[in-house]
Amino acid sequence: MNGGDDASSSAATSGPPPSLEWRFSQVFGERTAGEEVQEVDIISAIEFDKSGDHLATGDRGGRVVLFERTDTKEHGGSRRDLEETDYAVRHPEFRYKTEFQSHEPEFDYLKSLEIEEKINKIRWCQPANGALFLLCTNDKTIKYWKVQEKKIKRISEMNIDPSKMESSSNPPPQLVANGLPADKAHGYLTKDFSFPPGGIPSLRLPVVTSQDTNLVARCRRVYAHAHDYHINSISNSSDGETFISADDLRVNLWNLEISNQSFNIVDVKPTNMEDLTEVITSAEFHPIHCNMLAYSSSKGSIRLIDMRQSALCDSHTKLFEEPEAPGSRSFFTEIIASISDIKFSKDGRYILSRDYMTLKLWDINMDSGPVASYQVHEHLRPRLCDLYENDSIFDKFECCLSGDGLRVATGSYSNLFRVFGTSPGSTEAATLEASKNPMRRQIQTPARPSRSIGSMTRVVRRGSESPGAEANGNAYDFTTKLLHMAWHPTENSIACAAANSLYMYYA
Amino acid sequence: MSMVDEPLYPIAVLIDELKNDDIQLRLNSIRRLSIIARALGEERTRKELIPFLSENNDDDDEVLLAMAEELGVFIPYVGGVEHAHVLLPPLETLSSVEETCVREKAVDSLCRIGSQMRENDLVDHFIPLAKRLSAGEWFTARVSACGIFHIAYPSASDMVKTELRSIYSQLCQDDMPMVRRAAATNLGKFAATIESAHLKTDIMSMFEDLTQDDQDSVRLLAVEGCAALGKLLEPQDCVTHILPVIVNFSQDKSWRVRYMVANQLYELCEAVGPEPTRTDLVPAYVRLLRDNEAEVRIAAAGKVTKFCRILNPELAIQHILPCVKELSSDSSQHVRSALASVIMGMAPVLGKDATIEHLLPIFLSLLKDEFPDVRLNIISKLDQVNQVIGIDLLSQSLLPAIVELAEDRHWRVRLAIIEYIPLLASQLGVGFFDDKLGALCMQWLQDKVHSIREAAANNLKRLAEEFGPEWAMQHIVPQVLEMINNPHYLYRMTILHAVSLLAPVMGSEITCSKLLPVVITASKDRVPNIKFNVAKMMQSLIPIVDQSVVEKMIRPCLVELSEDPDVDVRFFANQALQSIDNVMMSS
Numbered sequence: 001m002n003g004g005d006d007a008s009s010s011a012a013t014s015g016p017p018p019s020l021e022w023r024f025s026q027v028f029g030e031r032t033a034g035e036e037v038q039e040v041d042i043i044s045a046i047e048f049d050k051s052g053d054h055l056a057t058g059d060r061g062g063r064v065v066l067f068e069r070t071d072t073k074e075h076g077g078s079r080r081d082l083e084e085t086d087y088a089v090r091h092p093e094f095r096y097k098t099e100f101q102s103h104e105p106e107f108d109y110l111k112s113l114e115i116e117e118k119i120n121k122i123r124w125c126q127p128a129n130g131a132l133f134l135l136c137t138n139d140k141t142i143k144y145w146k147v148q149e150k151k152i153k154r155i156s157e158m159n160i161d162p163s164k165m166e167s168s169s170n171p172p173p174q175l176v177a178n179g180l181p182a183d184k185a186h187g188y189l190t191k192d193f194s195f196p197p198g199g200i201p202s203l204r205l206p207v208v209t210s211q212d213t214n215l216v217a218r219c220r221r222v223y224a225h226a227h228d229y230h231i232n233s234i235s236n237s238s239d240g241e242t243f244i245s246a247d248d249l250r251v252n253l254w255n256l257e258i259s260n261q262s263f264n265i266v267d268v269k270p271t272n273m274e275d276l277t278e279v280i281t282s283a284e285f286h287p288i289h290c291n292m293l294a295y296s297s298s299k300g301s302i303r304l305i306d307m308r309q310s311a312l313c314d315s316h317t318k319l320f321e322e323p324e325a326p327g328s329r330s331f332f333t334e335i336i337a338s339i340s341d342i343k344f345s346k347d348g349r350y351i352l353s354r355d356y357m358t359l360k361l362w363d364i365n366m367d368s369g370p371v372a373s374y375q376v377h378e379h380l381r382p383r384l385c386d387l388y389e390n391d392s393i394f395d396k397f398e399c400c401l402s403g404d405g406l407r408v409a410t411g412s413y414s415n416l417f418r419v420f421g422t423s424p425g426s427t428e429a430a431t432l433e434a435s436k437n438p439m440r441r442q443i444q445t446p447a448r449p450s451r452s453i454g455s456m457t458r459v460v461r462r463g464s465e466s467p468g469a470e471a472n473g474n475a476y477d478f479t480t481k482l483l484h485m486a487w488h489p490t491e492n493s494i495a496c497a498a499a500n501s502l503y504m505y506y507a
Numbered sequence: 001m002s003m004v005d006e007p008l009y010p011i012a013v014l015i016d017e018l019k020n021d022d023i024q025l026r027l028n029s030i031r032r033l034s035i036i037a038r039a040l041g042e043e044r045t046r047k048e049l050i051p052f053l054s055e056n057n058d059d060d061d062e063v064l065l066a067m068a069e070e071l072g073v074f075i076p077y078v079g080g081v082e083h084a085h086v087l088l089p090p091l092e093t094l095s096s097v098e099e100t101c102v103r104e105k106a107v108d109s110l111c112r113i114g115s116q117m118r119e120n121d122l123v124d125h126f127i128p129l130a131k132r133l134s135a136g137e138w139f140t141a142r143v144s145a146c147g148i149f150h151i152a153y154p155s156a157s158d159m160v161k162t163e164l165r166s167i168y169s170q171l172c173q174d175d176m177p178m179v180r181r182a183a184a185t186n187l188g189k190f191a192a193t194i195e196s197a198h199l200k201t202d203i204m205s206m207f208e209d210l211t212q213d214d215q216d217s218v219r220l221l222a223v224e225g226c227a228a229l230g231k232l233l234e235p236q237d238c239v240t241h242i243l244p245v246i247v248n249f250s251q252d253k254s255w256r257v258r259y260m261v262a263n264q265l266y267e268l269c270e271a272v273g274p275e276p277t278r279t280d281l282v283p284a285y286v287r288l289l290r291d292n293e294a295e296v297r298i299a300a301a302g303k304v305t306k307f308c309r310i311l312n313p314e315l316a317i318q319h320i321l322p323c324v325k326e327l328s329s330d331s332s333q334h335v336r337s338a339l340a341s342v343i344m345g346m347a348p349v350l351g352k353d354a355t356i357e358h359l360l361p362i363f364l365s366l367l368k369d370e371f372p373d374v375r376l377n378i379i380s381k382l383d384q385v386n387q388v389i390g391i392d393l394l395s396q397s398l399l400p401a402i403v404e405l406a407e408d409r410h411w412r413v414r415l416a417i418i419e420y421i422p423l424l425a426s427q428l429g430v431g432f433f434d435d436k437l438g439a440l441c442m443q444w445l446q447d448k449v450h451s452i453r454e455a456a457a458n459n460l461k462r463l464a465e466e467f468g469p470e471w472a473m474q475h476i477v478p479q480v481l482e483m484i485n486n487p488h489y490l491y492r493m494t495i496l497h498a499v500s501l502l503a504p505v506m507g508s509e510i511t512c513s514k515l516l517p518v519v520i521t522a523s524k525d526r527v528p529n530i531k532f533n534v535a536k537m538m539q540s541l542i543p544i545v546d547q548s549v550v551e552k553m554i555r556p557c558l559v560e561l562s563e564d565p566d567v568d569v570r571f572f573a574n575q576a577l578q579s580i581d582n583v584m585m586s587s
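Those protein sequences? They're chains A and B, same order as listed. All letters in the first sequence, in the order written, are residues 1 to 507 by the UniProt record's numbering. All letters in the second sequence, in the order written, are residues 1 to 587 by the UniProt record's numbering.
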């Protein structure tokens, strides 16, 4: 221990790290008071890339917006020094980089189905030569995008006056009019024509000037027609050449380079659809082992499969589920057990899962039960009937882990999100609001992991003149829900989506 | 803005279009890069065109791909081999782009140029290039580097050789699995250029690293290297170094690795020699044939004949045959299908007696398989068995199998069996064919699916070729001509099609006496489609029949059709008349 200012390393030796003080960092697309949110602008996916230098969001209008980190780029070789002097104020800051239209609304004529353009998931692929690569998916079609800086070319010198320019395959009419046979003109373009040995000096190559660049997004591949049901997840393998896509009943394996075939590796479709009791809700590759992947189900179980064992992985290697508490069964038991999202920790040791009421952390070496459970919506238990009535009970909240695996986070209603400490003995449990003042609802009571946030008093909604809160007539506004969020891979920084606005916090 | 002499206009445009906004025009120019180079002359090509292309590295992938390909054959245009090195810089940029197919093409072209370069140019230019790519910031460059080491290595000095080997070893341990995969893929090629002393030390340790990689995708490719390396090593070294690895791989946790072993194993038998084959490889192969993953069994079953060819017959009968028997009733139809596609080839290997005793029952059970592909695969390779045991032993089971396939409800299955009929006919002989299959061939002419009818017509032609016009006159023509009165015009059209295919085979006499009258009658059909097809057909008959017949029978008929109320009939009739006139003029 050579420096008292290194918080995390000192914490590792002496119990759980201290609770984080979350601060507002940035907001993109903030709504002004009273402004109506356009449906197409609502953010539907957030993802940091592996380095944490880029952030992508997708929205219901099929657009993908890229942000790039600004705070590290200026620092040169002396970054270490800057870190020491500047530690307290330095945190990830992002700026808008570019955006592109990834998906368009489509119509499936065979099934008479409209296919929404909404981006369900975004995953970053390996960058190369300074170009960024992303996979984006809507309900049916996955697209592989390349975003790259291109030089804007301006040609300053040419052989032919551009005003007279025509295609070489189409010689200008004057040539023929002059009595020159057209096929003789073409003689230059055949291999047999002999040029003078030194070449023709009057010919010259076009000279290109102006070296401005702009960002261009190009769709490199489209992986389509492989899913009968709606795609809920995509995830790339650590081998850098394959990825999976999962819908309600199947998981398919693709090679990034090959868009016209995929392999079905999991198929839970029963021969008779009436026997269907369980659907796939989310799937993710192990971050290190390319042969392992996990998928979650609507019954609250997580299956870990090993692709080494067989080509069709219908039998799982490990099954993680929590035994049902006796006597507690109700109409809602199965609905609230459904897992909406799973994430591997960075080292691949843990899986975080989110169901309607809780966040659970599983050790992949222990399938008897979760190593930790965090109550997120326990206070809503008496109101499950209302939530069922207004369909909120089917909301799919995402979850995320910090890069060091010491904290987990997930969203809730009224644009709130919660952060829990996972290290043994940690009592950290913060509730924050996606607004410029995230801590304003924080109630400084000693937190326990299972603490309910129902004890909170009146919740003030940002832009409180809007009718939502009153119409609901209660503290929780089920129309403003924070479904999508992502944790920066190396720093304590969270990006979360409140409707059309992207809020970023740091600690 | 310079003006160019008018005769040079097309080439000038071609050059300008290297920078056109339209990608098609840029592609067009790049594909004719050699013409541009010749127009500029060798010196300006070196000094201007090549640097110009080097800067053009952010174009669309299609253009870059074409450029990578063109540059590979560009040595003559830059002034021959002594200037070949000027082509390296643009290819170096291309071999680090993101698109795999562009990189692969650039590496191909680099190798092609490198293999023609003079030794000292290789040392001065190519080896530094290989080093630069290996140290590339992005994995794309390092992936490409792996593919050119086998060109760079042989001309290097001893010191540089040591360095190159250590660089390659680093590539084998790169952070990026993509690079390790490329290193594994190219290891065999690289190893082939390395002195045997270093082969056993340096290369084998790289190989061992790769075989223990965490990533299945890397280990998979290491398997492929086994066979290539095995062939380079002395048999005893192969036994000590490669054999344990492959035996381990054959029991790998990952089915994909075992699948690769199943595909490659036979290639290693020769490298290790007969004794280790018997003691180690045969047991490994038997395990793979009984693997619990169907994909592995498919791969293993598909190699059964190749494997048995290397073994002596006793070993094959003793160890492999029992597995083959099991596979013939495997639960996976794809395994049975893979087996059926190769098992016939085992007959020549095992000899007549063993084939009758052991293989025949398997053939017969596969011929009764519930999955049509299995039966088709057996039938398609019938000739191989015929040579060994004759067809009689099989023919009793063949017929029901053929009939069933001929009537399968999937038209693709029917199509497949039709395509084998000429083969069957030649193997089974005229007698068997007349009795059993003749009727089927006619039946297909009236199939509900057009592709089947078309194939059936084609089949008749091939049968006529096989058995000769006299046979066809007796067994095909009358039956076919009878069907011309079918009430449905589509079937009549099929018959016309069959007639037009048969005519060249049957010769002029039969065509005139038997086929042509039927065609002329068809020209009076009430359906215009039939009539214009008659016109088209007559055009094709002109070269077959005698000039006088053309004048006497075909022309009057066509003249009549050329006055038909239907525009298409008139069009094709006139076209046919015109071609008669052309023939007349030329003769």
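Simulated from the structure, these hints should not be mistaken for laboratory data. Take the hints with a grain of salt, since some may be wrong.
[To be verified] DSSO-like mimics (lysine-lysine), calculated; alpha carbons at most 30 Å apart, straight line:
(1) B:Lys368 to B:Lys436
(2) A:Lys150 to A:Lys111
(3) A:Lys151 to B:Lys47
(4) A:Lys111 to A:Lys153
(5) A:Lys153 to B:Lys514
(6) A:Lys111 to A:Lys151
(7) B:Lys306 to B:Lys231
(8) B:Lys19 to A:Lys97
(9) A:Lys396 to A:Lys50
(10) B:Lys161 to A:Lys153
(11) B:Lys253 to A:Lys318
(12) A:Lys146 to B:Lys19
(13) B:Lys368 to A:Lys346
(14) B:Lys131 to A:Lys151
(15) A:Lys153 to A:Lys118
(16) B:Lys161 to A:Lys146
(17) A:Lys151 to B:Lys368
(18) B:Lys47 to A:Lys150
(19) B:Lys352 to B:Lys325
(20) A:Lys50 to A:Lys269
(21) A:Lys111 to B:Lys448
(22) B:Lys514 to B:Lys448
(23) B:Lys306 to A:Lys269
(24) B:Lys352 to B:Lys306
(25) A:Lys97 to A:Lys318
(26) A:Lys50 to B:Lys306
(27) B:Lys303 to B:Lys325
(28) B:Lys131 to A:Lys150
(29) A:Lys143 to A:Lys436
(30) A:Lys50 to A:Lys97
(31) B:Lys19 to A:Lys150
(32) B:Lys161 to B:Lys200
(33) B:Lys161 to B:Lys189
Going through the hints against the structure:
no. : hint                 : verdict
1   : B:Lys368 to B:Lys436 : holds (18 Å)
2   : A:Lys150 to A:Lys111 : violated (40 Å)
3   : A:Lys151 to B:Lys47  : holds (23 Å)
4   : A:Lys111 to A:Lys153 : violated (45 Å)
5   : A:Lys153 to B:Lys514 : violated (71 Å)
6   : A:Lys111 to A:Lys151 : violated (43 Å)
7   : B:Lys306 to B:Lys231 : holds (17 Å)
8   : B:Lys19 to A:Lys97   : holds (28 Å)
9   : A:Lys396 to A:Lys50  : holds (24 Å)
10  : B:Lys161 to A:Lys153 : violated (43 Å)
11  : B:Lys253 to A:Lys318 : holds (16 Å)
12  : A:Lys146 to B:Lys19  : holds (22 Å)
13  : B:Lys368 to A:Lys346 : violated (54 Å)
14  : B:Lys131 to A:Lys151 : holds (28 Å)
15  : A:Lys153 to A:Lys118 : violated (34 Å)
16  : B:Lys161 to A:Lys146 : violated (38 Å)
17  : A:Lys151 to B:Lys368 : violated (66 Å)
18  : B:Lys47 to A:Lys150  : holds (25 Å)
19  : B:Lys352 to B:Lys325 : holds (18 Å)
20  : A:Lys50 to A:Lys269  : violated (34 Å)
21  : A:Lys111 to B:Lys448 : holds (28 Å)
22  : B:Lys514 to B:Lys448 : holds (27 Å)
23  : B:Lys306 to A:Lys269 : violated (39 Å)
24  : B:Lys352 to B:Lys306 : holds (18 Å)
25  : A:Lys97 to A:Lys318  : violated (42 Å)
26  : A:Lys50 to B:Lys306  : violated (47 Å)
27  : B:Lys303 to B:Lys325 : holds (15 Å)
28  : B:Lys131 to A:Lys150 : holds (28 Å)
29  : A:Lys143 to A:Lys436 : violated (34 Å)
30  : A:Lys50 to A:Lys97   : holds (17 Å)
31  : B:Lys19 to A:Lys150  : holds (14 Å)
32  : B:Lys161 to B:Lys200 : holds (15 Å)
33  : B:Lys161 to B:Lys189 : holds (15 Å)
In this structure, the hints that do not hold are numbers 2, 4, 5, 6, 10, 13, 15, 16, 17, 20, 23, 25, 26 and 29, in rising order.
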